[in-house]
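J.: Sequence:
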Amino acid sequence: MTRVILTRHGETQWNLEGRVQGAMDSPLTDKGIWQAQVLANRLHDEGISVIYSSDLPRAIATADEIRKMLNLPEVVIETAMRELSFGDWEGQEWTDLRQSYPELFELWEQSPDQVRIPRGESMQQVTERAWSFFSNLPTKHPEQTICIVTHGMTLQLLVKKALGIGIEDWINVPWQYNTAVNILDLTPEGKVIPVLIADHKHLEIEK
Numbered sequence: 001m002t003r004v005i006l007t008r009h010g011e012t013q014w015n016l017e018g019r020v021q022g023a024m025d026s027p028l029t030d031k032g033i034w035q036a037q038v039l040a041n042r043l044h045d046e047g048i049s050v051i052y053s054s055d056l057p058r059a060i061a062t063a064d065e066i067r068k069m070l071n072l073p074e075v076v077i078e079t080a081m082r083e084l085s086f087g088d089w090e091g092q093e094w095t096d097l098r099q100s101y102p103e104l105f106e107l108w109e110q111s112p113d114q115v116r117i118p119r120g121e122s123m124q125q126v127t128e129r130a131w132s133f134f135s136n137l138p139t140k141h142p143e144q145t146i147c148i149v150t151h152g153m154t155l156q157l158l159v160k161k162a163l164g165i166g167i168e169d170w171i172n173v174p175w176q177y178n179t180a181v182n183i184l185d186l187t188p189e190g191k192v193i194p195v196l197i198a199d200h201k202h203l204e205i206e207k
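Using the numbering used here, you'd call the opening residue of the sequence shown number 1 and step up by one each time.
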């Protein structure tokens, strides 16, 4: 089997400010760097041989902390793991969107899977691109353990797909905190065996 450890990047400045990031970027905060280092320490003995990261700098910075801890030569960049593009919402504060896009934001709060933000991506599009990469991992990395650093929405959608949960269902999926750990085993036949979902016990010791 192939073991896949999926995680989210550390806290960023825009996370702290409550701004929409999407395909735009903001740097890791000091706390975010610490989260990445604590995550790296947690993953030290997992036998990871390859680290993939979204192409966005916040994910790469997190992945590089893991790379350094594991003494691996590189982080492999994978654009399929980048965050959902929030289009015209990117860079704005979430609290302001209620006034700027009242009808669309109301739908986002009730049924986000039905929303297509202007000049952004749909959740279905993100699910398809992420799953296309994820489902090929047993062929590319048989009998290996790999780590993927991605983003909140992309991670949530990918885990839902892996667990057979519909894209419209947001009740049965736990929130993916910064650097949350998900461990999924993939058989050569394509079966997904969940081992751990959205665990963040390594963050219980505050900085």
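The hints are simulated quantities; they were obtained by calculation from the structure and are not laboratory data. Any given hint could turn out to be false.
Computed spacing ranges between beta-carbons, pair by pair [said to hold, decoys possible]: (1) Gly47 - Pro188: 12 to 22 angstroms; (2) Asn136 - Glu168: 24 to 34 angstroms; (3) Glu93 - Asn136: 36 to 46 angstroms; (4) Glu128 - Val195: 21 to 31 angstroms; (5) Pro174 - Trp94: 15 to 25 angstroms; (6) Val192 - Gln99: 15 to 25 angstroms.
The C-beta atom is built at its ideal place from N, Cα and C for all residues, glycine as well.
J.: Taking the hints in turn, state whether each one holds.
T.: Hint by hint, here is what the structure shows:
no.: 1; hint: Gly47 - Pro188: 12 to 22 angstroms; verdict: 19 angstroms, holds
no.: 2; hint: Asn136 - Glu168: 24 to 34 angstroms; verdict: 26 angstroms, holds
no.: 3; hint: Glu93 - Asn136: 36 to 46 angstroms; verdict: 38 angstroms, holds
no.: 4; hint: Glu128 - Val195: 21 to 31 angstroms; verdict: 25 angstroms, holds
no.: 5; hint: Pro174 - Trp94: 15 to 25 angstroms; verdict: 20 angstroms, holds
no.: 6; hint: Val192 - Gln99: 15 to 25 angstroms; verdict: 41 angstroms, violated
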